[in-house]
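**Q** Construct the complete structure from the given sequences, taking the supplied hints into account.
Protein chains in written order, with full-length UniProt numbering: chain U, 1 to 485; chain H, 1 to 485; chain B, 1 to 485; chain G, 1 to 485.
What the hints contain is simulated information worked out from the structure, not anything from laboratory work. Watch out, some of these pointers could steer you wrong.
Pairs count within a copy or across copies, as identical chains cannot be separated in the list.
In silico DSBU-like pairs for lysine-lysine, Cα to Cα no more than 35 Å straight-line [to be verified]:
1. K72 / K248
2. K125 / K410
3. K113 / K245
4. K119 / K367
5. K225 / K456
4 protein chains.
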Amino acid sequence: MPSAAFTAVPTLKSVKKIQFANTEDKQEFSKFPTKAGRRSLSRSISQSSTDSYSSAASYTDSSDDETSPRDKAQVNTHGSSDFCVKNIKQAEFGRREIEIAEQDMSALISLRKRAQGEKPLAGAKIVGCTHITAQTAVLIETLVALGAQCRWTACNIYSTQNEVAAALAETGVPVFAWKGESEDDFWWCIDRCVNTEGWQANMILDDGGDLTHWVYKKYPSVFKKVRGIVEESVTGVHRLYQLSKAGKLCVPAMNVNDSVTKQKFDNLYCCRESILDGLKRTTDIMFGGKQVVVCGYGEVGKGCCTALKALGAIVCITEIDPICALQACMDGFRVVKLSEVIRQMDVVITCTGNKNVVTREQLDRMKNGCIVCNMGHSNTEIDVASLRSPELTWERVRSQVDHIIWPDGKRVVLLAEGRLLNLSCSTVPTFVLSITATTQALALIELFNAPEGRYKQDVYLLPKKMGKKKQTVTSSHHYKYSDKI
Amino acid sequence: MPSAAFTAVPTLKSVKKIQFANTEDKQEFSKFPTKAGRRSLSRSISQSSTDSYSSAASYTDSSDDETSPRDKAQVNTHGSSDFCVKNIKQAEFGRREIEIAEQDMSALISLRKRAQGEKPLAGAKIVGCTHITAQTAVLIETLVALGAQCRWTACNIYSTQNEVAAALAETGVPVFAWKGESEDDFWWCIDRCVNTEGWQANMILDDGGDLTHWVYKKYPSVFKKVRGIVEESVTGVHRLYQLSKAGKLCVPAMNVNDSVTKQKFDNLYCCRESILDGLKRTTDIMFGGKQVVVCGYGEVGKGCCTALKALGAIVCITEIDPICALQACMDGFRVVKLSEVIRQMDVVITCTGNKNVVTREQLDRMKNGCIVCNMGHSNTEIDVASLRSPELTWERVRSQVDHIIWPDGKRVVLLAEGRLLNLSCSTVPTFVLSITATTQALALIELFNAPEGRYKQDVYLLPKKMGKKKQTVTSSHHYKYSDKI
Amino acid sequence: MPSAAFTAVPTLKSVKKIQFANTEDKQEFSKFPTKAGRRSLSRSISQSSTDSYSSAASYTDSSDDETSPRDKAQVNTHGSSDFCVKNIKQAEFGRREIEIAEQDMSALISLRKRAQGEKPLAGAKIVGCTHITAQTAVLIETLVALGAQCRWTACNIYSTQNEVAAALAETGVPVFAWKGESEDDFWWCIDRCVNTEGWQANMILDDGGDLTHWVYKKYPSVFKKVRGIVEESVTGVHRLYQLSKAGKLCVPAMNVNDSVTKQKFDNLYCCRESILDGLKRTTDIMFGGKQVVVCGYGEVGKGCCTALKALGAIVCITEIDPICALQACMDGFRVVKLSEVIRQMDVVITCTGNKNVVTREQLDRMKNGCIVCNMGHSNTEIDVASLRSPELTWERVRSQVDHIIWPDGKRVVLLAEGRLLNLSCSTVPTFVLSITATTQALALIELFNAPEGRYKQDVYLLPKKMGKKKQTVTSSHHYKYSDKI
Amino acid sequence: MPSAAFTAVPTLKSVKKIQFANTEDKQEFSKFPTKAGRRSLSRSISQSSTDSYSSAASYTDSSDDETSPRDKAQVNTHGSSDFCVKNIKQAEFGRREIEIAEQDMSALISLRKRAQGEKPLAGAKIVGCTHITAQTAVLIETLVALGAQCRWTACNIYSTQNEVAAALAETGVPVFAWKGESEDDFWWCIDRCVNTEGWQANMILDDGGDLTHWVYKKYPSVFKKVRGIVEESVTGVHRLYQLSKAGKLCVPAMNVNDSVTKQKFDNLYCCRESILDGLKRTTDIMFGGKQVVVCGYGEVGKGCCTALKALGAIVCITEIDPICALQACMDGFRVVKLSEVIRQMDVVITCTGNKNVVTREQLDRMKNGCIVCNMGHSNTEIDVASLRSPELTWERVRSQVDHIIWPDGKRVVLLAEGRLLNLSCSTVPTFVLSITATTQALALIELFNAPEGRYKQDVYLLPKKMGKKKQTVTSSHHYKYSDKI
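**A** Next comes the structure, spelled out in structure tokens:
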């Protein structure tokens, strides 16, 4: 039984703030729900306890309440029981986490304040499926403040902050989510969000496409009333484009993933910080003087290189695109071939988006103690599979840190088993989540209020000009600084 | 009448890359051709020799030969007289300048070497109208090496390096250009390039659109044989799009101006260096510790800010676009309103592309000794006109440097009279010109060799993939570095 | 009575480099030994397991073995029982930690390899009192490899890594130390190191001066054979200078604390990284765009500013020393008065070494959410005492993170209660510890091998030239990089 | 005749602002005044016209007045003729240059304002021998404002700005200096300063030691009244220490050269800017993407590396001192051996202070177009002598730029013939000169006002604390910034 396996693992640290830890696994899971689901799900569970690097104290995990939330009868202080969370009594702690998050989400709070009077979402009935964290809670409560009714569920079986879910449920938002759901729980929760008496969604906010998928499969008639879908993830957007190509998309959809703000923040600015954070938390490495090769000089690579160079690392680049390679040169990085420098490197970082960027042959040639990690868009940049061979010994030295030991004693330090370092071993700053959440809110406002005919049954990017509201995404941050001095 | 034709067209050509000053005077001249033309022309000429910041010794200027080249009979050592330059005897000096330029134009030389065997321009008859500098000469000689026949003229009456023109003429390229042409000379030279017995152009390389314009007006039949136009400047491209809209473009045209390589280099990388160079050469200012405000955080602004920050200046930004403002914040710059900080600034730099970014009121509030200059795309960012009022005294303290003196003795240091600092007071690195020249060469190759039907009577950007040759633009630089270690 | 002796001496020892928290509690303890000592000790102990930010899994803490090590009979696999550690069975885990540490201590390993043949410490009998960590173990094992016999104890009652102590004991080094010693244990351990049958120390390696103090008080005759003392801490060095002034220093002493390498690394390079690490682990703050004021522009301040600026924070400085202020200006930082900017700041960092740099009045004026922390040399830079008043509410939101809540709801985020952020909330890179450890080893070699008369009964700095061995401190790092390419 | 040789050279540009162009030659000259003087003097003259990169328009050079100033009778508007300058009528232009200089010399102006009331130099009779530039004029006029009487002469035969000398003479300061003095003129001018009826110096301000030397030789009795010597140059300070060692120093002397402010500014901050300026003005090189090796990582090297790295150059270091090498590593630079990388470099910069850092063998291995220059403390870092061999061709392509051509056609670009690039091809910012000038003024004040016995017949550094006045050096700059926002 999955949950037994889950609790059997020594859980030294809490898994609280982690936003996306197993999204990769989740995505795999979502793609092949019928066949491979069970297997990959099990694997995810066995890994999940070690995936967190949260700084927050874990009130939740110390709970020894093993009863499934589905079997509990809970009522909030207003008498409602239209929710399903781990423990409604954690609401107060969750409220505090939400308040802390609000402090670094000024764009969203600013939007809330400006638009509160006009209630641009009055009449909107939004069903949402996202990670349920303090930051998402600020988004949900903003949508409510702008006039919307919301029902919410989790897009990942591990990423829910139970106390935040409790806090939302306490204020009257029907939330169906807890940390450590089973696969069955997962779809049950989605179903409870969509399929409720006397309430029908007219907007969908999705992250990963599972909610959209479920509605398509089970309640296609819902789409008659839905004015649009807002989707954040790469995978979900990909699915929407496939639907669109197949002529099956029956409502307008907004691709938030490719908005300028999200791209710049998720990649350049965010990775600039998370590469340092991820390496430090896992290895305590000193950056100064270290020889680092970064594979790929796109936005992620640029972020990584900027940060490492600034802290005194000696950084070189591999890049096959000539324009990006030229940019690397002009930014002062040596452009090299990986095989030429691999022997000397202290750290190898992949951010190309391609497969097998670091091959077994190159891993064989690395020096003792070399750290290898992945910041790119998949978990196949490093050929980790090739390391799972009998002549090599794996030794887990810390959470997310494996030593791969060669017969001659050489150790290579592999982080997060080649999965995304920034998701596995670092936290995403609230500020970044704020940018994305504000973009999501604006996309919902735009789709909900658009005159008929503006958007057809297609996938759209957020328009550059939306009147003064669009400016809120950034200008509130802008003025945050500009008004100061 | 040539001058009528000239004035009939908006000829505010982009003269982005030349290091010679007075291009704006040329523009003034163009704007008021009937009244002020003659006078401003005279003034320009008298200033031109002192306004140059080229590091090359100017052998030409010391020449006291006042005879017009049109009135001279000159023959090169091969017996040809199909050219018109200032003094064919300067060829040797010009050759040396070309050789020096070749050293930092490895992309172009690399293209020359690679493609020399296959002669991709065999049969091409190119008529060109560009600045005639050592760097352009490398381009022209590359085109010849690739099989083309060329005839060339200048796109600007001041920008010709006479000795380079001589060197080209000596090797057999018919060149019609000298420094300090009259307007009549200008069109005469173009005409001599196009209208020649027994030779008809089948490709046009233009910079500013004057050559194209002339062919349209006088020799429209030439277009029957022309396979395409390659245009570099903003103005020229604008004209082509207008022709295209009006359905009058009768051959394919390639817009080199908006290529990625040109944009990044002309703006970000180039300005990063030229802001330092321009300020240093004019004012000898120490950057460390100086309070600087940069108006506008586009590519030019980013380049300026990066450089100044790196050298210890304390930089803040004004920016109205919220995305750019957010980028400035994330890059560590205070985003301010100009009026809030104007009193404290040591240096004010405009790079917005807008008008009246620095107003008279703000100039009034600047502190004594404040330096004001413009790196943007027009000469109207600083309201210089407002400074030409009786209560203020102008004092020219150095070439390109005016002190504007207020009644109370306060001095504001105005550079280049508000025109582009990087054009007036700095040089453009050969490396940057090499990037553009290579792009031009590739565009010519592409248009000349494209199968019929690939390009219609429209304006195109250079395709991202052109087979291996396209890579040459950047990959030769790329491998320049990557092959080293 | 040991505790009397202990309290008689000012024991505010420097605990610069350990990553375990609560060192300040130890100091508090020392300050109020009679009254609050017992209580604060208890509190510290109860907090210590959660206060750690070491990335290593803590096998020790989960131990529920409450028996005092002094009451246990333990024997290593070689049959020796000349040690006293928590649990000799943890040796294997400790060995792995030591091996991991060795990978980033190339200077020390290089010294070990070079000097192993000549055994420059053959005959040396070293008694040591330092933090007992994986890094120190590498030092101890290097000393043994160079020919020394060692006996070791801990300089801090909390900082011992039990499994590392076990690993050392297992290899035959008599270690007397465990995490969570009582005060009585502390002196008992020291005594067991010094006072052993048939072995008398001829070298002392101390960190804080407690070992030296104990020998002076109890076994002054030992100094007859001792060739020198090597001391690392500020406090210990201070004590030695006092002894020297008083004419009571009876052997040569080497001041390692003030060596160039230690100063640069402990301050500039180390703080450059630990400010980021400490802030990120405690608050998950995004640095980009944050307004930060750093109080003090000495080496620590320089390190902090460099790192924060590089990651996009907008940094200003307060500094009273005019030379340092000028340096800040020339490095591109605004030099301000704290009171002028306090309202706008997102983060306030102290690194002056002075008292009350951040006053209650300034704390009152901070904006909601402002983060305040200390990187300086004492715990009094922020007037934390003034915050312990009835009108303010303290709320511990995470380990090392308190929200101080004003009556109007404003929250100020105080890190580590104003104690050193880098000690409390960050780890010290092994590389830095390696530099110090190598310096200590070289100092021991120098003192042990110096011809008679070279060093008198005084305090010395390590000589700049010691023959080729001195170079090892840095040159092994040097060549680590230079030999690569 | 020297002056004939001088005028025979085509002087395309002015030699106006150059502060130190020929100091090297001058120093050589000073060291062997009797024997080698004539020869090195001649050589200097032939080089001087090309040594300038001044941005100032040259009013002076256009003068065709060949009469020696010594043969002219000139009177200022106050009726005084106690001076000898090129042309007193240039006073107005010189005044403007002085006013421009004042704008960036706030430290000195601030000192002038603060101390004007108390006249700390009342009674001081200062004889000075320095470069006579606008910046020095601000110093001299500050000394006068503080109560001193001054007589002044030039320390270099080429460095005088004639119009500034005229402006000083016009205000009543007896100045004896012009540009292009003969050796005989040089000593005549010094003599006229010292040896005047009814006025005897009691303070000496020297730069290079020639004035001091002359007084020692010719008027030793002057030292009876002299309260002290302030010396700025390395050479002059060296001479003073020699005198001191030999027991021949008969008054206290202040070594301004080794003051903290001067060292930091002349080296780190100044070179950070002048390396860019010097390379750009001579070669127009683009820094981005260039492979650069900097030999030596002292303060000069640090300045060069910081700047080049910031502008996108790919910088590596050679360094033999292990501490400096470690710093280079920690700052993110590869530490290499020159011979390992010499083939790949685009630019080679020496700043070690040693001889033959770049050997003929290495020059042989450089690639075509490699730029070689020297920022160090002597002109022997590059083995230029080895390049003066028959198989190599020298070609002067621009002022300060030689192409050395190998038999196979390879060209190496040698700047300033291996002399100091920052002196030969760049300007020293007024701000830096201001720091030094203020230090000189403070040293004069300190020596003049010191109670008897504080300073003996020895060489001193400026004391760290001088009361509030000492703060002026930097704090006026400090407050310049800190008071602003």
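**Q** Now tell me if each hint is right for this structure.
**A** These are the hints, each one checked on the structure:
Within a single copy, K72 and K248 get their C-alpha atoms no closer than 39 Å, and across copies no closer than 74 Å, so neither meets the 35 Å cut-off. Taking the shortest alpha-carbon separations for K125 and K410, only the inter-copy value of 34 Å comes in at or below 35 Å, while the best intra-copy value is 58 Å. In this assembly of identical chains, the alpha carbons of K113 and K245 never lie at most 35 Å apart, being 39 Å within a copy and 46 Å across copies at closest. Taking the shortest Cα distances, K119 and K367 sit within 35 Å of each other only across copies (29 Å), while inside one copy they are farther apart (61 Å).
For the identical chains of this complex, K225 and K456 are intra-copy neighbours only, at 14 Å inside a copy versus 46 Å across copies, given an alpha-carbon limit of 35 Å.
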